[in-house]
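In order, the protein sequences belong to chains A and B.
Counting in the working numbering, the first sequence runs from 356 upward without gaps.
Counting in the working numbering, the second sequence runs from 5 upward without gaps.
To be clear, the hints were calculated from the coordinates, so they are not data collected in a lab.
Take the hints with a grain of salt, since some may be wrong.
[To be verified] Straight-line distance between alpha carbons at most 25 Å, and here's what the computed SDA-like set of lysine to any residue pairs gives:
hint: 1; chain 1: B; residue 1: K206; chain 2: A; residue 2: D600
hint: 2; chain 1: B; residue 1: K30; chain 2: B; residue 2: E200
hint: 3; chain 1: A; residue 1: K473; chain 2: B; residue 2: K120
hint: 4; chain 1: B; residue 1: K216; chain 2: A; residue 2: R595
hint: 5; chain 1: B; residue 1: K417; chain 2: A; residue 2: G515
hint: 6; chain 1: B; residue 1: K521; chain 2: B; residue 2: T74
hint: 7; chain 1: A; residue 1: K464; chain 2: A; residue 2: A491
hint: 8; chain 1: B; residue 1: K23; chain 2: B; residue 2: Y6
hint: 9; chain 1: A; residue 1: K570; chain 2: B; residue 2: R497
hint: 10; chain 1: B; residue 1: K507; chain 2: B; residue 2: V91
hint: 11; chain 1: A; residue 1: K464; chain 2: B; residue 2: L193
hint: 12; chain 1: B; residue 1: K30; chain 2: A; residue 2: K473
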Amino acid sequence: MTSVKAETTKKKSASQADGKQDVVEQSLITAYIMGKAYKVPADATIMGAIEYAGHQIIRGAGCREGYCGACATIYRLPGDYKIRTGLACMTLVEEGMTLAQIPSVPAEKAIYDIEQLKPNVTAIQQMYPSVFRCVACNTCTRSCPQGLQVMDYVQAAKRGDIATVMDLSFDCVVCGMCMLRCPAEITQPLMAIMAKRLYGRYLRQDSPELAERVKAVEGHAYDAEYAELMSMSRENLSKRYYARDTE
Amino acid sequence: MYPDYMAESLRKVAQTRAKRLELARKTEPVYPPMNAEERQAVLEGFHPDYEPSARRPVRVGPNKGETLTTEVSELLESHSWLRGVQVNLDKPDFETDLLIIGGGGAGCNAALIAMKEHGIRSIIATKLRMGDANSMMSQGGMQAAVSRTDSPTRHYLDAIGGGHFENKPELVRALTEDGPGVVKWLEDLGVVWDKEQDGSMKVMHGGGTSRKRMFSCRDYTGAMIMRTLMDEVRNHPDMIDIKEFMPAVELIMDDNGRCAGAILYSMDSEEFFVVKAKSTLIATGGYGRLHIRGFDTTNHYGSTGDGLVMAYRAGAKLMYMDSVQYHPTGVSFPEQIAGFLVTEAIRGAGGQPLNKEGELFVFPREPRDIEASAIIRECVQNGGGVPTPSGRVGVWLDSPLIDMLHGEGYTEKHFPAMYRQFIRYGIDITKLPMLIYPSLHYQNGGIEINERCETDIPGLYVAGEATGGLHGRNRLMGNSVLDYNVFGQRAGRYAGEYAKTVKLGKLSLAHLDSYEKELANAGVKTDLVTPVLLPSYAPKDVKKRQLLRGNNVLPGSSVLQNRLFDERPDA
Numbered sequence: 356m357t358s359v360k361a362e363t364t365k366k367k368s369a370s371q372a373d374g375k376q377d378v379v380e381q382s383l384i385t386a387y388i389m390g391k392a393y394k395v396p397a398d399a400t401i402m403g404a405i406e407y408a409g410h411q412i413i414r415g416a417g418c419r420e421g422y423c424g425a426c427a428t429i430y431r432l433p434g435d436y437k438i439r440t441g442l443a444c445m446t447l448v449e450e451g452m453t454l455a456q457i458p459s460v461p462a463e464k465a466i467y468d469i470e471q472l473k474p475n476v477t478a479i480q481q482m483y484p485s486v487f488r489c490v491a492c493n494t495c496t497r498s499c500p501q502g503l504q505v506m507d508y509v510q511a512a513k514r515g516d517i518a519t520v521m522d523l524s525f526d527c528v529v530c531g532m533c534m535l536r537c538p539a540e541i542t543q544p545l546m547a548i549m550a551k552r553l554y555g556r557y558l559r560q561d562s563p564e565l566a567e568r569v570k571a572v573e574g575h576a577y578d579a580e581y582a583e584l585m586s587m588s589r590e591n592l593s594k595r596y597y598a599r600d601t602e
Numbered sequence: 005m006y007p008d009y010m011a012e013s014l015r016k017v018a019q020t021r022a023k024r025l026e027l028a029r030k031t032e033p034v035y036p037p038m039n040a041e042e043r044q045a046v047l048e049g050f051h052p053d054y055e056p057s058a059r060r061p062v063r064v065g066p067n068k069g070e071t072l073t074t075e076v077s078e079l080l081e082s083h084s085w086l087r088g089v090q091v092n093l094d095k096p097d098f099e100t101d102l103l104i105i106g107g108g109g110a111g112c113n114a115a116l117i118a119m120k121e122h123g124i125r126s127i128i129a130t131k132l133r134m135g136d137a138n139s140m141m142s143q144g145g146m147q148a149a150v151s152r153t154d155s156p157t158r159h160y161l162d163a164i165g166g167g168h169f170e171n172k173p174e175l176v177r178a179l180t181e182d183g184p185g186v187v188k189w190l191e192d193l194g195v196v197w198d199k200e201q202d203g204s205m206k207v208m209h210g211g212g213t214s215r216k217r218m219f220s221c222r223d224y225t226g227a228m229i230m231r232t233l234m235d236e237v238r239n240h241p242d243m244i245d246i247k248e249f250m251p252a253v254e255l256i257m258d259d260n261g262r263c264a265g266a267i268l269y270s271m272d273s274e275e276f277f278v279v280k281a282k283s284t285l286i287a288t289g290g291y292g293r294l295h296i297r298g299f300d301t302t303n304h305y306g307s308t309g310d311g312l313v314m315a316y317r318a319g320a321k322l323m324y325m326d327s328v329q330y331h332p333t334g335v336s337f338p339e340q341i342a343g344f345l346v347t348e349a350i351r352g353a354g355g356q357p358l359n360k361e362g363e364l365f366v367f368p369r370e371p372r373d374i375e376a377s378a379i380i381r382e383c384v385q386n387g388g389g390v391p392t393p394s395g396r397v398g399v400w401l402d403s404p405l406i407d408m409l410h411g412e413g414y415t416e417k418h419f420p421a422m423y424r425q426f427i428r429y430g431i432d433i434t435k436l437p438m439l440i441y442p443s444l445h446y447q448n449g450g451i452e453i454n455e456r457c458e459t460d461i462p463g464l465y466v467a468g469e470a471t472g473g474l475h476g477r478n479r480l481m482g483n484s485v486l487d488y489n490v491f492g493q494r495a496g497r498y499a500g501e502y503a504k505t506v507k508l509g510k511l512s513l514a515h516l517d518s519y520e521k522e523l524a525n526a527g528v529k530t531d532l533v534t535p536v537l538l539p540s541y542a543p544k545d546v547k548k549r550q551l552l553r554g555n556n557v558l559p560g561s562s563v564l565q566n567r568l569f570d571e572r573p574d575a
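All chains should be modelled from the sequences, with the hints used to inform the complete structure.
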């Protein structure tokens with residue numbers, strides 16, 4: 356099945372997997388990784404640049420696709436006073452960028468029994484009282500690499516509007532940038548996880564068919580059908596499979 | 005943005021779109037699905053597993069003589085970090101009822117169920133942070149037969165057909181029959197499922213499903229489930245002890261052949277710790293970061309098959325370790341996100357794979373191995389692929405259809421992660437298609453288990469991607485999220501039950517020494533030391549300079565040597 360084309364694809368893929376060696380002509384820029392200058396590929400992500408420099412990341416890399424929040428990074432660009440934030444796996448390096456990864460953001464998760472809470476402002480007050488310190492400065496929103504309206508969900512939490520907290524914080528990857536930058540020292544993402552759980556537990560609309568199906572399974576409603584399928588020969592099972600109708 | 009030379013091909017895609025939209029609105033398939041013979045032909049011709057060098061016999065261990073994925077054979081024919089004499093097992097550093105290796109979805113479920121059903125204490129030992137796992141990354145959804153038009157046995161038939169009728173039937177039954185209960189369990193823990201207006205579950209198709217049974221949490225399904233499970237685990241600090249950056253590197257046995265815990269290694273201090281446990285669960289996930297056949301991967305940084313090799317050295321049998329899942333739609337361009345997952349839900353919602361002429365060439369929802377092989381065939385044999393500037397190739401995945409089918413704003417609302425991922429590079433997926441190519445995604449096989457998650461070794465349980473048998477040689481979309489929930493719970497239930505009765509004997513690492521002997525007897529010459537723990541992405545010249553320190557003498561003395569095995573002179 357191999358052909359020249361497939362081989363080319365593979366070789367390039369492999370080269371991506373173990374470094375950038377096979378890319379001959381590569382334009383390099385200077386980036387300052389934790390203060391030290393390195394020449395790195397101009398089109399690399401921050402994570403790619405750190406690895407190109409030879410660092411083995413232990414803290415600071417996770418899913419590498421923007422879901423886990425392990426690779427929170429702060430950086431500045433030349434001639435710009437602003438502190439910027441990004442996920443290292445998602446953000447491209449730039450000439451003169453000076454950057455540091457944040458290995459972990461200290462924060463205390465509230466310990467609670469979800470069965471003892473109600474989806475209201477009292478739960479927020481009891482578990483995450485720091486939320487009420489919010490001064491509405493919007494630093495959290497500006498520091499969110501996901502572009503979420505963090506301050507708006509903090510305000511919603513103060514009102515006990517759990518549904519809005521859920522909706523606005525849904526795509527939070529818990530990188531911790533907002534809580535690191537927050538002058539009121541709120542732990543926004545942790546509060547948001549609790550709010551999402553309260554929504555799922557108490558404010559959801561129940562699905563009638565789910566309760567029915569769970570009951571049917573518990574009542575062994577499918578035992579006979581399973582017994583039949585599990586005793587079928589491979590041939591007959593195959594026939595049944597290819598003849599099945601599709602919704 | 006796409007480079008200028010792709011404009012012509014993009015124009016063709018736009019040109020054929022109206023016609024394809026019409027097709028998508030009809031109830032019939034937009035392209036004829038393959039029959040059994042056509043499936044077999046495309047697999048044998050184009051699936052990477054069928055290339056001659058893709059598999060070779062393994063020379064040692066419980067599967068000795070069996071043909072496995074080449075990289076897996078290499079992984080298994082390797083040295084341990086440790087030798088029996090090095091470790092004092094008489095005074096364990098930690099003791100617990102249940103040791104869970106791996107802090108992903110299966111591990112969290114197991115800890116919670118062992119606690120709730122048996123009052124069992126556990127330690128979760130994980131290589132990176134809690135939740136640093138493929139579980140966190142699943143985008144599109146979880147299958148479960150809940151709709152009234154669906155049934156668990158129909159789910160069974162879909163899964164077993166997708167796996168080419170090689171799945172272990174009792175495992176598929178467990179998966180599909182426990183499915184609805186898992187949906188409820190997660191919802192009661194606070195997972196926010198996507199719903200219709202009336203509260204019924206929002207369901208979509210996945211590849212190989214005959215009913216719409218894909219449940220989702222936007223395209224952050226895994227993240228939502230994982231964060232909920234982790235939060236609940238952390239609500240029980242007195243029952244569940246979390247040890248982060250502490251991967252297991254070997255299992256410990258007792259003198260009666262039972263599993264009795266593991267040796268942990270601190271990523272920070274490079275110390276080794278002895279954990280004595282009445283029962284042990286391997287929930288270490290898969291192996292995408294081994295970059296099998298040089299493919300890019302969708303997998304998590306820590307997916308290096310650690311559990312496989314630990315269990316194998318201890319004598320557990322593997323099943324279907326000759327079968328690798330390539331996800332049909334990994335990103336091919338932009339280069340920076342090459343290999344990243346494009347959720348199958350994009351096709352479930354109406355996205356269509358197209359060649360450079362803007363034509364359909366495959367039914368968009370074939371099972372994954374079939375779909376991936378058809379895409380490779382289109383590029384390799386038919387020349388239908390679009391080359392990228394870095395030398396990759398890809399076909400289009402026409403995402404703008406989704407908003408046309410479901411209304412404007414649908415893509416941004418339901419696929420926010422996908423939208424974000426591409427817009428950073430100036431590609432608006434509601435206006436332009438994505439360029440995709442198969443990417444290394446899933447370990448179809450693994451450590452063989454039964455429906456109680458038991459292995460050949462008493463006291464050793466396995467759950468999730470590390471297991472083999474459930475998915476046959478091809479897993480369907482949405483069955484892995486269900487897998488880690490169903491079997492994570494079952495593992496907690498049965499490992500917890502076992503922990504209450506077992507009396508351990510004297511601890512031993514003798515299996516490591518006999519494995520070393522077997523390697524020598526089989527004439528295996530290697531300096532690979534495993535588990536691998538983390539891949540290295542340092543450029544080759546950097547690796548060579550790093551090697552000067554390692555000198556490759558004392559296995560296990562530094563994680564550095566381990567990472568560099570492929571750069572050593574003898575390797």
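Right, here's what the structure says about each hint:
no.: 1; hint: B:K206 / A:D600; in the structure: 21 Å, holds
no.: 2; hint: B:K30 / B:E200; in the structure: 22 Å, holds
no.: 3; hint: A:K473 / B:K120; in the structure: 22 Å, holds
no.: 4; hint: B:K216 / A:R595; in the structure: 19 Å, holds
no.: 5; hint: B:K417 / A:G515; in the structure: 24 Å, holds
no.: 6; hint: B:K521 / B:T74; in the structure: 22 Å, holds
no.: 7; hint: A:K464 / A:A491; in the structure: 22 Å, holds
no.: 8; hint: B:K23 / B:Y6; in the structure: 24 Å, holds
no.: 9; hint: A:K570 / B:R497; in the structure: 20 Å, holds
no.: 10; hint: B:K507 / B:V91; in the structure: 22 Å, holds
no.: 11; hint: A:K464 / B:L193; in the structure: 17 Å, holds
no.: 12; hint: B:K30 / A:K473; in the structure: 46 Å, violated
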